[in-house]
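For the protein sequence lines, the chains are G and P, in the order given.
Per this note's numbering, the first sequence starts with residue 34, numbered consecutively.
Per this note's numbering, the second sequence starts with residue 32, numbered consecutively.
In case anyone wonders, no lab produced these hints; they're calculated from the structure.
Beta carbons: idealized from backbone N, C-alpha and C, even for Gly.
Check the hints yourself; a few may be wrong.
[Unchecked claim] Pairs of lysine-lysine residues, derived as PhoX-like cross-links and limited to a Cα-Cα distance of at most 25 Å, are as follows:
#1 G:119 / P:149
#2 G:129 / P:61
#3 G:145 / P:124
#4 G:129 / P:149
#5 P:72 / P:61
#6 G:119 / P:180
#7 G:194 / G:95
#8 G:243 / G:97
#9 P:203 / P:61
#10 G:106 / G:95
#11 P:203 / P:124
[To be verified] Listed below are several chain P residues computed to face chain G (Cβ distance under 7 Å; list not exhaustive):
#12 98
#13 166
#14 167
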Amino acid sequence: MLNFLNKKAPLRLLFIIISLYLSLFSFSFSAGITQRVFDEAGLLDNTNTIKLEQIILDWETKTKHQMAVITVKSLNGVEIEEFAIKKFEELGIGNKERNDGLLFIVAPNDRKLRIEVGYGLESYLPDGLVGEIRDTYIVPNFRNNDFPAGILQGTYSLLMKEAEMEGINLPQLGTGEPPAVPAKTVPPSKGSIAGIIFFIVIILIMLSNKTGRSILLWSLLASSMGGSSRSNNSFGSFGGGFGGFGGGFSGGGGASGNW
Amino acid sequence: MKNKNLLIALGVIVLVVFLSINWYIGIYNKLITMDVNVTEKWAQVENQMQRRYDLIPNLINTVKGYAKHEKEVFENIAASRAKLAGAGSVKDKMSAAQGMEGALSRLLMVVENYPDLKANANFTRLMDELAGAENRLTVERQRYNQAVKEYNLTIRKFPSSIIANQLGYEKKDMFQMATEAKTAPKVNFN
């Protein structure tokens, strides 16, 4: 400790603070990803994905419920109902106590879809209503091979109906700008570009110094350990916590369909 | 010296007794929890049976408007519904639910012959509700079966089997659908 208090002490202290900040940054970076759309089948382009994420996040902020949209290449012979309930539990959509999650699955090659409604949303979205939305907004679009329209309109009407039942207004779909929700997804903002430059400079300084190098090594090790603990899930950042899903369950409510 | 040895022996005995009591309580509580869990899961299954049961009068009324002369189908459903209402034990309820399953799937087959009925919006909504009720029942049934499986395994495994015996815990029945997958009502939206 005494050794620490020599003339280089302020420099070392600075390094320690910076490396702590660095590992904190890497932690919040991996935890801050709020992904709601998982387009494995590639039905949506970038614009539509962002739009969909924004619609969902806007609804989530207002109602405190959660929703995921998943497209899959193949169901591998599993019934879509079974697939949906497994995925729902795997992701844990919705709050753990309220079970207020919503899941929209599209399997274009099997020509099947399912909207899975968590226990807590069943009273707002009864099966008949979900079926009506499916027949009005989703299936006709899917029959015309317009998957983006079907997914967007279907998702929006589900969320709008649900919010309406709770007396909450959602902005209209397609009227002007998409809802003004701060995008919590990764695209770097001005601030984070400045941040990245700042970090590069710091890392260069650290690399030029022995103490700095060892601190850098340790903080890298620490942050990679923090990262690996969350990546044992097929989708990256789930299992509760900020930005992920909440661990909700579904009891098999909702509606399935084909086209 | 003798006294010291005696004390150590006594200490060991007390420790062993304490540990085994602790162990006993642990397993005892685990068994009780599992038993309660099975009962809770069964209650969920019954809830979903009830949901399906409640849908039937409405469904029959709608179908009757289009298919008056399919008397046999309606009678079958009414009979299985009465059977379910009268069922007391878990086993009776399981078999009544299976009967209901069969009667409903026959109704859905009959419906195929009435395109006007299939086009009826009210009927489509009822079909969605019915499909939802079926799916919920399947989900809760699987969760119940999972709980029963864990329970049955624990009461048969040594050494928890000794305590299960003392408690008089017996093997519980899983809820299998005889007609599952083959004739289970599948709603088609073509």
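Each hint, compared with the structure:
Of the supplied pair hints, the one linking residue 119 of chain G and residue 149 of chain P is violated, its CA atoms being roughly 31 Å apart against a limit of 25 Å. In summary, the hint linking residue 129 of chain G to residue 61 of chain P is supported, as the alpha carbons are separated by about 23 Å, within the 25 Å threshold. Restraint check for residue 145 of chain G and residue 124 of chain P: not satisfied, since their Cα atoms lie roughly 33 Å apart, outside the 25 Å limit. About 39 Å separates the Cα atoms of residue 129 of chain G and residue 149 of chain P, which puts this hinted pair outside 25 Å; it is violated.
Taken as a hint, the residue 72 of chain P and residue 61 of chain P pair is honoured in the structure, with Cα atoms around 16 Å apart against an allowance of 25 Å. Between residue 119 of chain G and residue 180 of chain P, the direct Cα distance comes to roughly 19 Å. Compliance with the 25 Å bound is thereby established for this hinted pair. With a C-alpha separation of about 13 Å, the suggested pairing of residue 194 of chain G with residue 95 of chain G holds against the 25 Å cut-off. Note on residue 243 of chain G and residue 97 of chain G: the hinted pairing is violated, with a Cα-Cα distance of about 48 Å set against a maximum of 25 Å.
Restraint check: the Cα-Cα separation between residue 203 of chain P and residue 61 of chain P comes to about 16 Å, which is no more than 25 Å; the hinted pair holds. Taking the CA atoms of residue 106 of chain G and residue 95 of chain G, the gap is near 32 Å; set against the 25 Å cutoff, the hint is violated. With a C-alpha separation of about 14 Å, the suggested pairing of residue 203 of chain P with residue 124 of chain P holds against the 25 Å cut-off. Evaluation of the residue 98 of chain P hint against chain G yields a violated restraint, the C-beta minimum of about 21 Å exceeding 7 Å.
With 7 Å as the threshold, the beta carbon of residue 166 of chain P comes within range of chain G, its nearest partner Cβ sitting at about 4 Å, so the hint holds. Hint status for residue 167 of chain P relative to chain G: holds, with the closest Cβ pair at about 4 Å, below 7 Å.
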